[in-house]
Amino acid sequence: MSSGGDAKLFARGKVAELRQELNSGGKKDKNYSAKKIALKKIVANMTMSNNDMVALFPDVIDCMTLPSLEIKKMCFLFLVNYSRLKPDVALKALPILVDDMEDTNPLVRALALRTISYVHVREFVEATFQPLKHLMQDNDPYVRKTAAFCVAKLYEHDKKMVENSDLIDRLNRMLKDENPTVVSSVLASLVDIWGRSESISLTIDYVSASKLVSILPDCSEWGQSYILEALMSYVPQDTAEALLLAERIAPRLSHSNSAVVLTSCRVILYLMNYIADEKHITSLCRKLSPPLVTLLSKPPEVQYLALRNAILILQKRPEVLRNDIRVFFCNYNDPIYVKVTKLELMFMLTTKENISVVLAELREYATEIDVHFVRKAVRAIGKLAIKIESAAKQCIDTLLELVDAKIPYIIQEATVVIRNIFRKYPNKYESIISHVIRNIDDLDEPEAKAAVIWIIGQYADRIENSDGLLQDYLATFHDETVEVQLALLTATVKLFIQRPTKGQQLVPQVLKWCTEETDDPDLRDRGYMYWRLLSTDPATAKQVVMGQKPPITAESEKLDPRTLEELCLNVGTLATVYLKPIHQVFRAARPRRLQPSPALQRPRIEDGTASLLEYNPPTANLASSSTSNSGLATITTTGNPISPINAPPPPNFPVGPGSGPGPTAAPNTSNDAISAADSYFNGIGSQQMAALDLGGRGDGGAGSGGAPQTQFVVTQNQQQGYQPQYAGGAATGELLLL
Amino acid sequence: MLSGILIFNQKGENLIFRAFRSDCRPRLADIFRIQVISNPQVRSPILTLGSTTFSHVKHENIYLVAVTKSNANAALVFEFLYRLIVLGRSYFGKFDEEAVKNNFVLIYELLDEILDFGYPQNTETDTLKMYITTEGVKSAIANSPTDSSRITMQATGALSWRRSDIKYRKNEAFVDVIEDVNLLMSATGTVLRADVNGQIVMRAYLSGTPECKFGLNDRLLLDNGESSGGNGSRGGFSGAAGKATRAAAGSVTLEDCQFHQCVKLGRFDSDRIISFVPPDGEFELMRYRATENVNLPFKVHPIVREIGTTKVEYSVAIKANYSAKLFATNVIVRIPTPLNTASTTERTSQGRAKYEPEHNNIVWKIPRFSGQSEFVLNAEATLTSMTHQKAWSRPPLSLSFSILMFTSSGLLVRYLKVFEKSNYSSVKWVRYMTRAGSYEIRF
Chain A
1 MSSGGDAKLF
11 ARGKVAELRQ
21 ELNSGGKKDK
31 NYSAKKIALK
41 KIVANMTMSN
51 NDMVALFPDV
61 IDCMTLPSLE
71 IKKMCFLFLV
81 NYSRLKPDVA
91 LKALPILVDD
101 MEDTNPLVRA
111 LALRTISYVH
121 VREFVEATFQ
131 PLKHLMQDND
141 PYVRKTAAFC
151 VAKLYEHDKK
161 MVENSDLIDR
171 LNRMLKDENP
181 TVVSSVLASL
191 VDIWGRSESI
201 SLTIDYVSAS
211 KLVSILPDCS
221 EWGQSYILEA
231 LMSYVPQDTA
241 EALLLAERIA
251 PRLSHSNSAV
261 VLTSCRVILY
271 LMNYIADEKH
281 ITSLCRKLSP
291 PLVTLLSKPP
301 EVQYLALRNA
311 ILILQKRPEV
321 LRNDIRVFFC
331 NYNDPIYVKV
341 TKLELMFMLT
351 TKENISVVLA
361 ELREYATEID
371 VHFVRKAVRA
381 IGKLAIKIES
391 AAKQCIDTLL
401 ELVDAKIPYI
411 IQEATVVIRN
421 IFRKYPNKYE
431 SIISHVIRNI
441 DDLDEPEAKA
451 AVIWIIGQYA
461 DRIENSDGLL
471 QDYLATFHDE
481 TVEVQLALLT
491 ATVKLFIQRP
501 TKGQQLVPQV
511 LKWCTEETDD
521 PDLRDRGYMY
531 WRLLSTDPAT
541 AKQVVMGQKP
551 PITAESEKLD
561 PRTLEELCLN
571 VGTLATVYLK
581 PIHQVFRAAR
591 PRRLQPSPAL
601 QRPRIEDGTA
611 SLLEYNPPTA
621 NLASSSTSNS
631 GLATITTTGN
641 PISPINAPPP
651 PNFPVGPGSG
661 PGPTAAPNTS
671 NDAISAADSY
681 FNGIGSQQMA
691 ALDLGGRGDG
701 GAGSGGAPQT
711 QFVVTQNQQQ
721 GYQPQYAGGA
731 ATGELLLL
Chain B
1 MLSGILIFNQ
11 KGENLIFRAF
21 RSDCRPRLAD
31 IFRIQVISNP
41 QVRSPILTLG
51 STTFSHVKHE
61 NIYLVAVTKS
71 NANAALVFEF
81 LYRLIVLGRS
91 YFGKFDEEAV
101 KNNFVLIYEL
111 LDEILDFGYP
121 QNTETDTLKM
131 YITTEGVKSA
141 IANSPTDSSR
151 ITMQATGALS
161 WRRSDIKYRK
171 NEAFVDVIED
181 VNLLMSATGT
191 VLRADVNGQI
201 VMRAYLSGTP
211 ECKFGLNDRL
221 LLDNGESSGG
231 NGSRGGFSGA
241 AGKATRAAAG
251 SVTLEDCQFH
261 QCVKLGRFDS
271 DRIISFVPPD
281 GEFELMRYRA
291 TENVNLPFKV
301 HPIVREIGTT
311 KVEYSVAIKA
321 NYSAKLFATN
331 VIVRIPTPLN
341 TASTTERTSQ
351 GRAKYEPEHN
361 NIVWKIPRFS
371 GQSEFVLNAE
381 ATLTSMTHQK
391 AWSRPPLSLS
401 FSILMFTSSG
411 LLVRYLKVFE
421 KSNYSSVKWV
431 RYMTRAGSYE
441 IRF
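Chains as they are written, first to last, in the working numbering: chain A, 1 to 738; chain B, 1 to 443.
Derived by calculation from the structure, the hints in this document are not laboratory data. Note that the structure is a prediction, hence the values are computed from the model and not measured. Please note that the accuracy of each hint is not assured.
Covered by chain A, according to a simulated footprint, are these stretches of chain B (three or more residues, beta-carbon under 8 Å) [claimed, not checked]:
(1) 52–59
(2) 145–157
(3) 186–200
(4) 203–216
(5) 317–329
(6) 414–421
With a cut-off of at most 30 Å between alpha-carbon atoms, the simulated BS3-like pairs for lysine-lysine come out as follows [to be verified]:
(7) Lys-14(A) - Lys-72(A)
(8) Lys-213(B) - Lys-211(A)
(9) Lys-213(B) - Lys-167(B)
(10) Lys-170(B) - Lys-129(B)
(11) Lys-213(B) - Lys-417(B)
(12) Lys-72(A) - Lys-129(B)
(13) Lys-11(B) - Lys-176(A)
(14) Lys-129(B) - Lys-311(B)
(15) Lys-40(A) - Lys-213(B)
(16) Lys-58(B) - Lys-8(A)
(17) Lys-40(A) - Lys-28(A)
(18) Lys-11(B) - Lys-406(A)
All C-beta atoms in this analysis are idealised placements derived from N, C-alpha and C, irrespective of residue type, glycine included.
Can you make the complete structure from the sequences, with help from the hints?
Quick look at the structure:
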């Protein structure tokens, strides 16, 4: 049915030939069909980045005035593409565009306005300002919505020029437009400007927010998304207002467009922060679950997004999705990225009650073909043993069954998780040691080797030939990776402490290698440390090396409260795929924080310390900016930051990403900053622990030494050593490859 | 929002490159080609490199790619890409490399219309077809200012999906209830998962601006009717009391519903009435999900024995659970065989079975399967011996089928009322069909 038949035009062409074709035809060519064909060829070459085409610029501009909309559109496309390369030639097209903006046909006016504002050339930008002001009041809504987006486009070309004009004020006034499409376009434009500015604040009061919600049904699905995004700038001052709005938005959860659904989820979750009554929170949470599950019948990319957001939302509101674990079971044909994410969710939703079903399911996955997925499934079984104590035995039995199948990568993975099980339950389940040791020859990955070496060291006194096993590894000491060498060092020291006679020959040898024959600073330092320890006071050495270590937990991708809060304000965005602090992935993104208000509910912090978020009465500026009842929303441009949203966090504030129980919101005023800083220093001990957690990986509690109440966390990310690293991916690299 | 839209063929040739912001540079096409198309390791649909994110979907033999900077609304990005596919299909029949190459100028024209500064605009096919057409001539309509105003009103109006001047001599509406029933059964025969994804597709050939009301045997609606309270609390989902009796009385519990843009969601939320002004022609009115009392149309009982390392024996029995008056068509059972299968023999009591080595399957086809009947397949796969023996992963056995006039959820259309100011009478038709979604049985 492909009617076009233009495929033959999609071929590389030469400038001279195309010029000739473009100028052929003459008067006989009534419908300009020769010109159309020539232009199509030029557009095709443009797509193939044949930059020779730029030489045809004057010829193309000559065609712009021909009375054919089809030709005009092609010429405009050419102009938008090449104006940057030849700004001086492009200028010849400017009068044509300016003319068209006064055309009687609204489609032509809009087309001209849309086109001129795509051209990143100073003269074009300047020439847009005046006509734009007229077109913002055009009597055709189609032109007005185009004009609304145009302001954001100009802002991208030249911030200063827009800020110094009254365009943003005018845009603001357009919020009173009677046409919902125009209003939603204005909001999209305002939010876009907000996102790229440091000095502009966006404030929406309750009356305006309420009006916006009431026009939602009259907007296109995209328009609804824009309005919902904008509603994130409304800060409820009263808990009843927040509730009412959330309930009015809830019907949107039944929309067939997932952008509307997820953005509604975002707004509702946001509003919940300002709702006091637990009953209402529970009832809203209950409304969020079914739509999230329904998104799983969408295409896989949308499923993936829904699943990643489910991981996020579940951490914030555990009551969501509580009874739905079976819907996250993997289908055989799910793409791998969907499967892995489902696995993650299954882990989070597993409880004492459903663990048997889950284990049966995971066992099934462990027989699939995709190695990466199988390993994840095995790892999940081990993590469940750590998460649910009463089911540990059951998990271990499942693991051992899998190990008995003798598939090398399953054995390696199982070895690593069994090491973690020992760390969680010291001196329990020792009968499985023999299972692990039996497969020792199958291990060839550093992580698995390090794990089994750790087990040998830790249980040196209970493994008959522990010295022999270590000796086998020590034979190839110099060929091992640093990870394995470190493990060997520690294990040998442990062996010596527990069975001095067996270890006394090995230890000096290993210490010598580690201190004299290595380039690795960590290995050398640790070597010296053990050396001094052993030579100074063997009794203390025993206490230090074999002492009680804090047990580990197995929370998967558990986000710190600050990141969790930030991500919850960004449900449905790309950042929720990565589940990392937003500025780590998207440096340019303007941060969003929960804004203080009398209605803001203090987040309960689990360890019982009081919330760190202080409420400050709105500043005078904030109040004044929301009093103007003329418009629906207010956007203010000022040089100096006025409302809390503008205040950048103090540059040297010591709370970084990954910090433990840090302040939950950006310090808005100096008072806040001080109290937050106080609490930071109060919590410094645990912060250090959090830092040690990162440093001490690979070797259990070897790095620990602080307060024993802090638990180490085994995260998914730390254990991905076998993943091929991705060049150039920077901070996000490891997440890209699934 | 979006910085650009790119379309590639499988070889990585760039077929469409449209930038909407100045940060979308031409070299991004090369980056995508190198990092995604020619990198088999990338398996995620989203790739962020530095400040640039590529989100892509594959359709037929093309890649559709959205380029974004900063933290964009990912749901919107993918919805848009899928909408682009819908548009492409409705314009060209099939949206593949050939269609893109044959219509590249039109696609540029469409992109310019449906995205402004990277923000999706009106994407309703009906409206767009008023002024962007495959025959260039028609765009002349848009040259007259009055016609143009009609278009612009339509594109920005509250009923952007429907033209106001539609007339039919005979007013008709066809409703298709299509259910995909999903099953995951364990090797021991327990149902791990059974649910229904339903879809209600409507073809409306109705004049003027018809206001439609649509009624299902929705349990909550029937409940509300009885208690006449109708306070619309959806919290009622979890109330287990009386569920069984409701089901017996012929009502269905819908776990969740999602509606076309035209449905008044406020009405549904408050009193669960589905009311709307339909677009002209075919559209998907709603999707729903049901998980309770799912009627599984087929019961499959596979016995698979691995005999030594050289042979696998199959005995697969399949029984139809629906009424004897109904029948299923195109029943296909896919029975996995080990990768080192050399040959197979099959015997069936109905239909034909064939070994498909390229898919490692025995495919058993039964063109017509009457209700309540039961058929059996016996097969044997002979394996080649392998030096490196690896355990067979035993993928699940899967079914595909379709059954007319049957819904797995038990859903029924109770009424479709059409109100129009000219008060014409209209004819309505309803069809039901149940298909296999992911119908898998482990063994």
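Does Lys-40(A) pair with Lys-28(A) here, judged by a C-alpha cut-off of 30 Å?
holds, 20 Å
Counting residues of the segment 186–200 of chain B whose CB is closer than 8 Å to a CB in chain A, do you get three or more?
It holds: at least three residues are needed, and the segment 186–200 of chain B offers 5 whose Cβ sits within less than 8 Å of chain A.
Taken at face value, is the distance from the CA of Lys-167(B) to the CA of Lys-213(B) at most 30 Å?
holds, 20 Å
Please work out if Lys-72(A) and Lys-129(B) have their alpha carbons no farther apart than 30 Å.
holds, 19 Å
Between the segment 414–421 of chain B and chain A, are there enough contacts, at least three residues with CB-CB distance under 8 Å, for the coverage claim to hold?
With 0 residues close enough to chain A, the hint is violated.
For the pair we were handed, Lys-213(B) and Lys-417(B), check the Cα-Cα distance against 30 Å.
holds, 5 Å
With the threshold set at 30 Å, check whether the alpha-carbon distance from Lys-213(B) to Lys-211(A) stays at or below it.
The given pair, whose Cα atoms are some 27 Å apart, holds under the 30 Å limit.
Satisfaction of hint between Lys-129(B) and Lys-170(B), Cα-Cα up to 30 Å:
Within the cut-off at roughly 23 Å; holds.
Within 30 Å, alpha carbon to alpha carbon, are Lys-40(A) and Lys-213(B)?
Violated - the C-alpha atoms of Lys-213(B) and Lys-40(A) are around 47 Å apart, more than 30 Å.
Would the hint linking Lys-14(A) and Lys-72(A) be met if the CA-CA limit is 30 Å?
holds, 22 Å
Within 8 Å of chain A's CB atoms, at least three CB atoms from the segment 52–59 of chain B: coverage verdict:
holds (count 3)
Cut-off 8 Å, C-beta pairs, minimum 3 residues; does the coverage of the segment 145–157 of chain B by chain A stand?
holds (count 9)
Checked against the numbered hints above, the structure breaks hints 4, 5, 6, 13, 14, 15 and 18 and satisfies the rest.
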